[in-house]
Every structure is written in C-alpha cells, then in structure tokens.
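Visitor: Chain by chain, the residues run as shown.
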Amino acid sequence: MAEYRQAQPMLSVQNIHMFFGRISALSGVSIDVEAGGIHSIIGPNGAGKTVMLNCINGLYHPQQGAISFESRNISGLKPHVRAEQGIARTFQKLELFRGMTVLDNIRLGRHIHLKSGILGGVWYFGKTAEEEVKAREFIEEEIIDLLEIEHIRNKTVAMLPYGLQKRVELGRALALNPKLLLLDEPLAGLNLEEVEDMARFILDINEEERWQITCILVEHDMGVVMDISDRVSVLNFGCKIAEGTPQEIQSNPDVIKAYLGEEDMYATRR
Amino acid sequence: MPQGDKATNAHLDITEDLTLPKMLIAAARRFGDNKVALREKEYGVWRPITWKQYLDNVRYIALGLIDLGLKRGDKVAMIGDNRPEGLWAEMGTLCAGGVAVWLFQDCLLDEVAYIINHSDTRFLFGEGQEEADKALSIREKCPQLERIVWDDPKGMRTYDDPVLLSMKKLIEAGKELDRKDPGLFDRMVAEGRAKDVALLFYTSGTTALPKGVLLSHYNMMTMGADLMAVDPCDPADDFVSYLPFAWIGEQMMSISCGLRVGYTINFPEEPETNQENIREIAPHVMFAPPRMYEQMTRNVQVKHLDATWIKRTLFNLAMKIGYYAADLKFEKKSVPFYISITQWLAYITVFKKLRDHLGLVNIRNAYTGGAAMGPDHFRFFHAMGVNLKQIYGQTEIAGISVLHRNGDVKFDTVGTPIPNTEIKITEDGEIISRSPSVFLGYYKNPEATAKSLRDGWLYSGDKGFIDDDGHLVVFDRTADVMTLSDQSIFAPQYLETRLKFSPYIKDAWVIGHQKPYMTAAVCIDYAVVGKWADEKKLNYTSYHELSQKREVYDLVEKQIREANKGLKPAARIHKFVNMFKEFDADDEELTRTRKLRRAFVENRYRDIVQALYEDRDTVHMDTKITYEDGRTTHIKTDLHIQKIMLEEGR
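First to last, the protein sequences are chains R and C.
Under numbering that gives the first Met the number 0, the first residue of the first sequence is numbered 0, with each subsequent residue one higher.
Under numbering that gives the first Met the number 0, the first residue of the second sequence is numbered 0, with each subsequent residue one higher.
No lab work stands behind these hints, which were simulated from the structure alone.
Positions of the beta carbon are idealized from the N, C-alpha and C atoms, including for glycine.
It is possible that part of the hints are untrue.
What the hints assert, rightly or not - Counterexamples of contact, computed for chain R against chain C with all Cβ distances above 10 angstroms:
1) G20
2) S29
3) F124
4) K126
5) H150
6) R152
7) A157
8) I240
9) E242
10) E247
11) D253
12) I255
What the hints assert, rightly or not - Residues on chain R that point at chain C, a partial pick, calculated with CB under 8 angstroms:
13) I143
14) D196
15) E206
To be verified - Simulated pairs of lysine to aspartate or glutamate, DMTMM-like, Cα-Cα distance not exceeding 20 angstroms:
16) C:K153 to R:E140
17) C:K51 to C:E271
18) R:K154 to C:E271
19) C:K153 to R:E147
20) C:K40 to R:E141
21) C:K153 to R:E33
22) C:K153 to R:E206
Just chain R, with the same shape it has in the complex:
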C-alpha cells in the first residue's frame, strides 16, 4: 500500500479545542491520518472520541484549531459538503430510516452521486437511465454482495436484528463511495460471529483494490482494534495521551495507567 502513502497525510487535525459551555471536550488534540490505513481512536468513556468524529465530519465546529482533508482546509464546511468531498461515517446509535427498506436506505446514501433532475427522472432516458443503471450496479455488485445482505435487501430496516442493521448502516456510508470513512463503534452490541464478520468487512473495504478506503475507527473491542489497526491514538479527558502502532500502544505506560490499567482489558470480548 506504499504507493498510497503520500508525504501529506490524508486528514490532518491540528490542535482543535471543542467546548460545550465551560466543559472542554477536546483540548488541543492533533491527529494525522495517513491515506490507506486504519487509524483507531481509543479511550475511556467520555474521552471525546465521538466528539472527534463529529468535528471531522462537520456536525460540530471546534472553537479553535483547523482540520484539513487532502490538503484543503475543511474547518468551516457543512457536513454535506464534506460528504461530497469524500468523508462518510456511521453512527454508534444507528441513524437509519427505520420504515424504509434496506435497499432504499443504501440508495439514499448514493443520492449525492446522482446528477439528473426531476424532468430527467420523469422521462427516464439517455443519461438518466444510464446513471440509474450504474447506481444500481454499484449498489448490488459492490455493497450488497460485499456485506452479504442479499437476503434482506427488500426487508424493512426496523424489522431486522441489530447486527444486520449495523451492516446496513455501513452499507449506506459506502454508497457515498467515500475516501475516508469514520466508523463509530461498529462492533458495539454484536455477538462474536457478527464481530468477526464486521471486522472482515472493515478489512475488506480497507484493503480490497476496489475500495481502499482509509478508516478512522472508534471502538472499545481492544482485540479487534489491536488486530486490524495500523495506528492507534489514545484520548483521555479530551487530550491525546499517546499515538503509535498497536504494539507501541500496548506497551505505553501512560496508556496502561489511563485506560488499559485493568488487566482484563483484552477480555472485552474474547
């Protein structure tokens, strides 16, 4: 994957501060995310991990600091503009349209790539039809097949078990065809088999030639984090206390003290 590593990081978060009233959720955090890898952010509950993701995709605007994506400053941009530039995300608490089918949810994620207007849709010929067929092929061949959700494509989301809803959430994010994917606790609440599947999907979208999406992963399942990450950043009370390879993090005394402390941290699930 060396050819994807450029001198410039894909995403650069510089010294951001995020306050809610007088509470500081992030204080002076800087993280550089290299293209092509899986960069995990770990930390105890309330450390500011989700706030960090919200800042990156534009739901929150930090009071200080700058965020640049592919060497462009995106600090002031709205979430949908960032999405168009190639940043997608999944949510810890699923944000799906529960009354719609799996396919419709995923299609929605695709809409920013559809350029034809209402009139084109009415007549449905030429460019519009071509575009629709392309979108359909993309969703079926790249997403449904990848995530193994053929059997539920026409099912209503609310009727599905939680583990499958999580997959749909990932599918909708992938429909954007992003360059950078923010994954907020994709493994939380899944059983062992579902965790293994999801970890495999994350590796697939990161490594498969077709995708090669850079991932930022917020996750509590240390076994998976240490297995699949290229780099790990550790947050504690809104500060970054360490960054390094999984091996470095596991032997970092500050991290052990702040977070890993109890010896059963690896026993989260396995």
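Since the structure of chain R is provided, determine the placement of chain C on it from the hints.
Guide: Structure of chain C alone, referenced to chain R:
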C-alpha cells in the same frame, strides 16, 4: 421410450457408448444459444447461461484439468454451495474421464480429510475463501491433494499459496490447450463408456463411517430415463437447484433428468434467499427431503397464528375442504361435483396465494425422499392441491427405485417400483432391489460390497413389506425398529414425524426399545417458541433457558398429547424432556441429510435415557458442543423431566 416424450435426449438409446458428457453435447448441439440451460441469481438479477455457454465452460474446465495432469479414472472433489461453477466442475471432470466426488458444504474438517484421503482425490474445487481455508488446513493430512481450484474471488486477495488456482486461470489454460489441440475434447468425450465410473458418493451413514458408493454413467442415465418414463418433464420446465449436490437426489434432478430432458436449472443467489428465489422461479418439479416440506408447513402454520381473524377463518375453511377432497382422492373415490366447486373456491381465495408464497404455484410433481415423512404433512400438501409423492431409494441404486404414481398416492407407502426395477422382500423382511441403476460396489471396501450386493440384488438394510395394492411399505432401518412393552414392533420415526407436525417442535427423538413405556426428547423450534414466549411475555436469553421454562414444557406436553391421540397405549409417550440445544450434524447427532443417528444419541445422552426411566424429575447434563470451525464448548446444565398424565383406556 414412452409416446409423446418431449425430453431433449429421449431419442438417445442408453447403449454401452453413451455417457453423461455425450448427452450434454447432444443437448448443446440441439439448442446452442437458443435456450437457457442454467440461470443464476446474481447481484439481484437472474443471469441466463445458454446451453452453448454451459458446454463451453465445461469444455475448458475439462481441458484445464487435463493440463493439470488429470488421468482417466482420477478423482476430483467438489465442495461449495449450488452454483453453475459447481455443475461445470462436475461435468468437466466427467468429460475428462475423471470421477466426481461431492462433499457436503457443512462437512467438518475431519470428514473432509477422511473423504479426500479415502477417495484418493487429486484435485479439489472449492467455492471461495471458506473452502480454500478448509482445504489448506487439511493439506498436511492429504498429501495426494495437488491443486485447489476456487471461483469466488471475495477475500482471496491475500492468498498466494501455489496450490491454489482460480477457475479463471484454469479455464484460460483449458482454452490454450484447446487452441493447440482443437480435437482433444471431442476425442476425450468419445473415449467414455457407459460402464465407466462417473460418481464416487459418500453415504451419510446413520450407523458408521461414510462408505464410498461407485456409480457408473449407465447407472445415472438409466435412473433418469426410468424416472422420466413415469413423470415426464418438458424442456420448457424450470427446476431450482438448492439442495446439496452431495445428495444423490440433487444429482438425480440436475444431472440425470436435467441432461435427459433439458429443462432449465436455476441457482438461488445465496442459501438464505432460497425460499424467495424458489418463489420467483415457481418450478414445475421439485425433489427435497422431508425437512424442507416440514419447514414450509411450519412457515404456513406460524403465519396462520399471526394472521387476522378473517384470514384465519378463510384458511381453516379452505383447509377443511382441501382435506376432505384429498382424503377422497387417497381413498380413490371420485370427488362429487359440489365438492369440486367448493374446492375451486378454496383455490382462488386461499390456496393460489398460499402456493404462490411457497413457490408451488406451477408445481406438477413434488417429490420427497431420503427420510420418512409423516402422514400429517402429506395430507397438508395434498389438501393445498400440491401433488406430493414419495420417492424411495438409496445412493446405491442411484437414488430411486420406488415412486408414488399420480392418482395412486398412499401416504403410508412409498409407492411402486419404477420401470426396469424389481423389489422383493427377503424372508426376514429386508427390502432388496434389482435394476440397471444398482451401483458397482463400495470403493475400497469389498466386505461391505459383498454384504450389500448379492447376485445383482441390492440389500438395503431397510425393513418393509409389500401391501395388497403392490405398494412398498418401508418400516424403518432394521436397526431403528423398536419392540414395545406389549412385544409389538414399532417404528419410532412414525411418532417422531407426528410430533414434528407441531410448529413448536423442530426435532424429536422417541425412546422405548424394550423399555416399560415410551419417552421422548424434544428439540423446540427456537424461532416459533421464541415468538410464542414473546407474546406470553416470558423472558429468556438463550435456547437453553427457553427450553427449560415451565410454560414451554406445558406447551410441548400439549403437542405430545395431540400426537398420542389414536395410538395404542403401549406406543404413547409417558415422559419427555426438552433438550437444551437442537440436534446438529456437527455434533454427529444427525447425518448431513438430517436423519437422527439413533445409536449415537442413545450413547451420548445415556444419562437422559436413564433418568427418563427412573423416578426423577431432573437430569444433570455435562456435554460438549462443536462449532463448524472445529471449536468446542462445554455445557453443564440440569434438565427437567415432565410426566404426562395419560387418560386410562384407549
């Protein structure tokens, strides 16, 4: 050849020269690109494959195998879900003069290793990553296994072991060889003879290690011809291939009958979408083991429990009419005019829709075989107007020897012999049969061959008799027949299938051989009982916990009382226990075709059996569960034993 046989290859006489590959070429020559041979649902659309494309793929795979060094008579194994590539690999092997060995998709590693070794397999076709992993992890134990061919690239990007080969590359090598020697393929196929071994199939074996059954092209072709002589199919028919190719019944439909008739074989998208895809295709012919029909029945029953009052009432009324008409048909009485009218009303209001949901709207012949099917299920399907018929046979006779005829279905029999087949009962009640489809022998097992094959007769090991109408009645495996307390003989399967007619019961194991009374171990259906518990606001977290609820015991007792009705006192179930898990083939409790391995469970759960015949109301269990990847866990638990107060008298 029967008059009006529209089968594509009906004109081919099954001579010493004819082989399955020659039938494929004949069909492909006749239809070329003008008819769809196979159809696969992929990426949400049905993708057609014409006969010419079918043959082309088979040709290049066959040549690719030759390029790898395959010699005539070499074994080639296949594993994976039903898909065109699997069929191509099998036909390619046959064209190259090889012998095809199919493995069940869910075989554990030890079973795979045993079969690969025992069969001397040199090449293995797997589907994708899962099969590649399986094959790679047994390679040390199987030194003669040379190459592993895969066709689904998903997840294979990091695999660089030189033993692995993609089907794409294999086909390219075949194309290259075809360019160099364009006549090679035809010469190879021409060399084949009817008596050559085509398949080496491992029987599931309710009693011992799997045995390798050798079947010739002749066996397979005569079987197809004899079945189609009874129930002809049309080249325009559709068939859905979703049951394991390792099951002889699937070979019967996809290869023997498929090549003879030339109907279209459809492959579902994923195993999870089977039911949906069957509905989309609405096949004309279907052959499945009883469990598939049991599942359909259960689906209907569960939907019925959920339906609105008006729908339930209409369904009940329609079923009443259906059952009445079906019973008249079973008794071979004519259906009166006014019943026909109400039947038609029941059809347009209920059955049409119901059959559509089950994918049975076009069905002309639905066959069941491989295990016993209860009379309740039989009546259920006939009440809906589905022509469900029993097939009886063994892998050793290419799958079929006896079959129900249209208008002559008796649900306690398996029908009458198909053409060119003789059935006899020996003095001690064993069913023996003779036909052109009787196998060549067991591979590397002359003792077993000598036991099963005597003077051209196949000794089945099944007990049975022939009734007054000339129908064969199969009692059970000899080893499975019970002696009750009143010294009468009893087939436990009869009672088990009755229990399984309840939607709440997934599996049942009836115990009582030479015991003072009958007992049962019941596996509840997790989904159905779980839903029932939700409605009753019962809390549970696992199968085990749910199965041990007092309310669930009472629910199961009600089902058993229902099944006990009409049985003589000695055959009624007195006590039962709810199992803490479902029976599973991975735990060797069932065969891969989901038949109960009685001797095995009796040994494994001897504590339960013992407790059922003591004055106790709990039994302690300590047992091991095996997952498909070979991992195991221990389960320790107490199971409740419930007594059923039986009314005295009859």
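Visitor: Each hint should be assessed against the structure and marked as holding or not.
Guide: Here is how each hint holds up against the structure:
1. Remark: the non-interface label on R:G20 is consistent with the geometry, its nearest Cβ contact in chain C lying 41 angstroms away (cut-off 10 angstroms).
2. Distance check on R:S29: its Cβ is at least 33 angstroms (rounded) from any Cβ of chain C, clearing the 10 angstroms threshold; non-interface status holds.
3. Listed as outside the interface, R:F124 is consistent with that label: its C-beta sits roughly 21 angstroms from the nearest C-beta of chain C, beyond the 10 angstroms cut-off.
4. Listed as a non-interface residue, R:K126 keeps its Cβ farther than 10 angstroms from every Cβ of chain C; the least gap is roughly 22 angstroms.
5. In this structure R:H150 is not separated from chain C by more than 10 angstroms, as the shortest Cβ-Cβ distance comes to only about 4 angstroms.
6. Residue-level check failed: R:R152 sits 7 angstroms from the nearest beta carbon of chain C, not beyond 10 angstroms.
7. Interface exclusion of R:A157 from chain C stands, the closest Cβ pair being 16 angstroms apart, more than 10 angstroms.
8. At roughly 34 angstroms from the closest C-beta of chain C, the C-beta of R:I240 stays outside 10 angstroms, upholding its exclusion from the interface.
9. Listed as a non-interface residue, R:E242 keeps its Cβ farther than 10 angstroms from every Cβ of chain C; the least gap is roughly 27 angstroms.
10. At roughly 24 angstroms from the closest C-beta of chain C, the C-beta of R:E247 stays outside 10 angstroms, upholding its exclusion from the interface.
11. Listed as a non-interface residue, R:D253 keeps its Cβ farther than 10 angstroms from every Cβ of chain C; the least gap is roughly 34 angstroms.
12. Here R:I255 stays apart from chain C, with its beta-carbon at least about 30 angstroms from theirs, past the 10 angstroms limit.
13. Of the supplied interface hints, the one on R:I143 holds, with its beta-carbon coming within about 7 angstroms of a beta-carbon of chain C, less than 8 angstroms.
14. The closest approach between the C-beta of R:D196 and any C-beta of chain C is roughly 12 angstroms, which is over the 8 angstroms cut-off, so the hint fails.
15. Hint on R:E206 holds. Least Cβ distance to chain C is approximately 7 angstroms, under the 8 angstroms limit.
16. Only pairs whose Cα atoms come within 20 angstroms are accepted, and C:K153 paired with R:E140 is accepted, the gap being roughly 12 angstroms.
17. Distance check on the hinted pair: C:K51 and C:E271 sit about 30 angstroms apart at the alpha-carbon level, beyond 20 angstroms; violated.
18. Of the supplied pair hints, the one linking R:K154 and C:E271 holds, its CA atoms being roughly 13 angstroms apart against a limit of 20 angstroms.
19. Distance restraint check for C:K153 and R:E147: the Cα-Cα separation of roughly 11 angstroms lies within the 20 angstroms cut-off, and the hinted pair is therefore satisfied.
20. Note on C:K40 and R:E141: the hinted pairing holds, with a Cα-Cα distance of about 16 angstroms set against a maximum of 20 angstroms.
21. For the proposed pair C:K153 and R:E33, the alpha carbon gap of about 26 angstroms is over 20 angstroms, so the pair is violated.
22. For the given pair, C:K153 sits about 12 angstroms from R:E206 by alpha-carbon distance, which is consistent with the 20 angstroms threshold.
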